[in-house]
Each structure stands twice: as C-alpha cells, then as structure tokens.
Amino acid sequence: MALTGFFLVVFLIVHCYINANVLFSNAEENFNRAAHFMGSNILIRIMEIGLFVGFILHIVQGYKLELQNRASRKSRYAVTAGNKTSKWYSRSMALLGTLILLFLVLHLVHFWVPSRFGGLTEVEYDGKTYHNLYAQMQDIFAVPWVVVVYLLGCFSLSWHLLHGVQSAAQTLGITSKNYFQTIKTIGIVFSIVVPLIFALMPLFVHFGWQINTGDISLLF
Amino acid sequence: MQHYSMNLKLKVWRQRNTNDQGHFETYDVENVSSEMSFLEMIDVLNEQLIAKGENPIAFDHDCREGICGMCSMVIDGRPHGPWKGTTTCQLHMRAFKDGDMITVEPFRANAFPVIKDLMVSRSAFDRIIQAGGYISVNTGNAVDGNAIPIEKEKADDAFAAAACIGCGACVAACKNASAMLFLSAKVSHLALLPQGEPEKKQRVVNMIAQMDKEGFGSCTNTYACEAECPKEISVLNIARLNREYLNSTLSAD
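Here the protein sequences line up with chains A and B, keeping their order. To convert, note that position 71 of the first sequence is 70 in numbering that gives the first Met the number 0; the numbers rise steadily by one, no gaps. To convert, note that position 113 of the second sequence is 112 in numbering that gives the first Met the number 0; the numbers rise steadily by one, no gaps.
Source of the hints: derived by calculation from the structure; they are not laboratory data. Be a bit skeptical, because a hint or two may be false.
Derived PhoX-like pairs: lysine-lysine, alpha-carbon spacing no greater than 20 Å straight-line [claimed, not checked]: (1) B:Lys96 to A:Lys176; (2) B:Lys153 to B:Lys200; (3) A:Lys63 to B:Lys174; (4) A:Lys73 to B:Lys174; (5) B:Lys96 to B:Lys83; (6) B:Lys174 to A:Lys86.
Using the sequences and the hints, build the whole thing.
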C-alpha cells in the first residue's frame with residue numbers, strides 16, 4: 000500500500016502541475032500544448048501503463064487488506080471508542096478510496112477516453128493541429144452537478160492523503176523520533192495544497208476565472 | 000477529591016466457554032465507593048452473585064498494581080477503561096458517577112479466543128515471544144550487565160519499549176486486531192541494545208511470521224493502540240519494527 004501510494008502521490012504532483020495551466024492566462028493554448036506533450040511523448044505513454052498498474056495494485060491491495068482486517072475480529076464490540084482514540088479518516092481509508100475510485104472512473108470517461116479514442120474537436124496553433132482538450136473541459140464543467148462531484152472527489156482525496164502520506168512513511172519505516180513531526184506536517188500540507196489546486200480547476204473553468212499572468216507561460 | 004458512593008448498572012458479557020455464543024447480562028451494583036478499583040467493584044458484584052447462588056463473572060487479574068499485564072476487559076469501548084495510561088486494576092471508580100451504565104466486554108480478536116466471560120487466551124503473545132523475543136545466553140557465570148557501555152538515549156528508548164507488559168490492549172483497541180504495537184515493543188527493546196544484536200535479523204522475521212500465523216490483522220497506522228496502551232508505548236516502535244524487517248529481508252547475509 001505504501002509503495003504504490005507514494006507512486007500515486009508522484010503522479011498527483013505531475014498531474015496537478017500540468018493541469019494548473021488552466022488557472023492562468025492563455026489557458027486554452029498552454030493547456031492543450033501540455034496535454035499534447037503528455038499524450039504524444041513515448042516515455043510518458045509507457046509510464047501511463049505503469050500508472051494504470053500502480054492504480055490497480057493499490058486498489059486491489061487496499062480491498063484485500065480491508066477484507067482481511069475485517070475478518071480478524073469475528074465477534075464485534077457492542078461499544079467502540081470511535082473518535083476518542085483515532086481519527087475517523089484513518090479508519091475510513093477503504094471508504095474514502097472507494098469514493099475516489101468512483102470519481103476516477105467518471106474522470107477517465109470525461110477526459111481520458113475521448114483523448115485516446117477520439118471525440119475531441121481540434122484546434123491549430125502555429126500551423127500545427129492539437130486536440131482541444133480544453134474545450135472538452137469547458138463542456139464538462141459547464142454542468143453544475145459535475146463541478147460538485149469533482150469537488151467531492153477532491154475532498155475525498157484530501158482526507159485520504161491526510162492519513163495516507165504519513166501512514167506510508169510509517170509503513171516504510173521512514174518515520175523516526177527526529178522526523179515524526181516533519182513527516183506529519185509534510186503530509187498535512189500536501190493533503191491540503193494538492194487537492195485544493197485540483198478543486199480550483201473545475202471552478203475556474205466553470206466560472207471562466209483566470210489568474211492574469213500576461214504573456215508569460217508559467218507552467219510547462 | 001471528595002469520596003462518594005454510587006449505584007451503577009453493569010452490562011457484562013457472559014460466555015460459558017470458547018464455543019458458547021455469549022450474551023450480555025445486566026446487573027445492579029449498589030453503594031460502590033469512589034475509592035474502589037474497577038476490579039474491586041467486580042469483586043463486590045461477584046460476592047453478591049455467589050450469595051445468590053449464581054455463577055461469578057470470570058475475569059483475569061494478578062498483581063493489581065498495574066505492572067503484570069494480566070487484567071484486561073473493554074470498558075465502554077475502551078480497553079482498560081477511560082483513563083489514559085492505566086490498567087483496569089488501577090482504574091478507580093471515581094472515573095464514574097452515580098447512575099452510570101457501564102458496558103464491560105472481553106478483549107475481542109480472533110487471535111484472543113474467550114475462555115470464559117471476560118477472560119481471553121493471550122497465548123498467541125507467548126508463542127510470538129517464543130519465536131524470537133529473547134536473547135540466547137551461554138551457561139556459566141552471569142555476565143556483568145554493565146560490561147558493554149550503552150548510549151543513554153538508546154538505553155532510554157529500549158527501556159521505554161521494554162515497559163510493555165504484554166496485556167494485549169493494543170490488539171483489543173485496533174480496528175484490525177493487529178498486534179504490531181506489542182511486537183514492535185518486543186523487537187525494539189532488543190534491537191536497540193548490543194545484547195540483542197547477534198540475533199537481530201532472524202528475530203524480527205521469525206516473530207512477524209508467528210504473528211501472521213496467529214491470525215492478527217495488519218497495521219493501518221490509526222494509532223488507537225498507542226492511545227490505549229497502559230504503558231503508553233510509542234508507535235515510533237512500529238516504524239522501527241518495519242525498518243528492522245525491511246533490513247532483514249532486503250539485505251542478504
């Protein structure tokens with residue numbers, strides 16, 4: 000869980016960085032160019048397979064672990080300590096993971112399927128044709144309930160990471176007396192910042208907001 | 000603090016033997032002194048039950064001074080009751096007030112089968128210790144304990160880990176019934192000391208193999224164990240255990 004978890008954390012950083020283009024000036028062109036690079040670079044295409052493997056492993060391991068752990072106490076307590084001794088999100092990783100999985104399926108249908116199997120309009124920059132993934136984004140995020148579902152997805156991700164990052168460090172034995180607090184703090188910051196940036200994307204696209212950065216392309 | 004006496008309702012798990020289904024039974028206990036320990040309160044209840052010709056409630060206890068690790072039971076969902084860093088025998092009735100309804104259950108885990116009522120078998124812990132929780136010492140004269148100098152900080156960490164009394168509250172508290180805090184304390188206190196060094200690699204591998212065989216769940220780092228441990232063993236020991244395990248399995252001799 001820890002190894003695949005950390006691998007997926009790296010993916011989140013890359014995904015967040017590339018897609019943050021939609022928050023700034025000239026969003027359409029910058030984002031479409033970035034998406035084109037991600038879709039055409041051979042190394043990234045190979046890594047995409049690795050990413051699917053990583054997701055599947057994490058999901059399968061997660062459910063297996065949850066079932067095994069549930070089976071290790073056949074007779075249940077009448078009264079439980081609940082939040083007095085542990086955090087609800089640390090006990091709810093399977094539930095949060097399931098919510099993220101549902102979101103992931105929807106997300107892939109919205110963006111990954113059309114960009115791999117067709118269905119996107121095209122756009123031209125400097126005489127070269129690109130998929131207009133940004134237009135797809137505008138279409139999808141025009142619907143308010145979709146925006147709400149995406150926000151809930153980011154919310155689930157945040158809670159999942161809040162436990163996940165420090166838990167993975169503990170499982171791999173990285174945690175020690177000197178770094179316990181540091182690792183916890185990194186986990187908290189990461190679990191707030193990354194899902195927050197993700198959450199801004201559907202909002203920005205839906206309301207047509209943009210952070211003005213002039214002609215400079217900030218990312219990518 | 001003012002002494003007071005109280006009347007309580009006790010909802011206690013009764014189970015004739017390991018194979019019995021088990022059920023809750025409710026008892027009234029009157030005139031309980033706030034100065035009694037929780038076990039003394041059950042002693043009083045048991046005397047009443049015996050006087051009425053009923054079966055007394057079976058529960059584990061030994062030293063009654065918080066150091067043997069024999070007492071157990073889950074009180075209102077908390078192993079060893081609501082106080083932090085306290086065993087059931089050191090939990091005093093001033094933790095409760097007049098009219099309280101208290102639910103008392105045994106430690107529940109597949110690896111800790113109920114023997115009778117509130118008594119569970121914690122033999123799984125003994126078998127884990129037998130798998131490697133010791134150091135081999137040659138016969139002959141006892142070696143001077145201070146012959147090998149040990150850094151103060153390591154000695155302190157080893158001692159803090161060795162404070163584990165093996166009561167099993169960590170297993171009882173864990174949503175997965177995992178024994179990782181217990182095992183990590185046992186591995187840590189030897190791994191930190193030079194005396195534990197020679198058998199370090201084999202110890203952790205064998206003890207983990209035995210733990211898995213006993214049917215405990217896996218650690219998902221919720222840290223409920225640390226919150227409930229009467230000796231307040233730190234979960235940092237679990238990270239050390241994981242480190243020791245990775246070192247032992249990844250590096251070939």
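Okay, the hints, checked on the actual structure:
1. B:Lys96 to A:Lys176: Not OK: Lys96 (chain B) and Lys176 (chain A) at ~39 Å, beyond 20 Å, violated.
2. B:Lys153 to B:Lys200: Holds: Lys153 (chain B) and Lys200 (chain B) sit about 19 Å apart, inside 20 Å.
3. A:Lys63 to B:Lys174: Given that 20 Å is the threshold and the Cα spacing comes to 15 Å, the pair holds.
4. A:Lys73 to B:Lys174: Holds, at about 12 Å.
5. B:Lys96 to B:Lys83: holds, 18 Å
6. B:Lys174 to A:Lys86: holds, 12 Å
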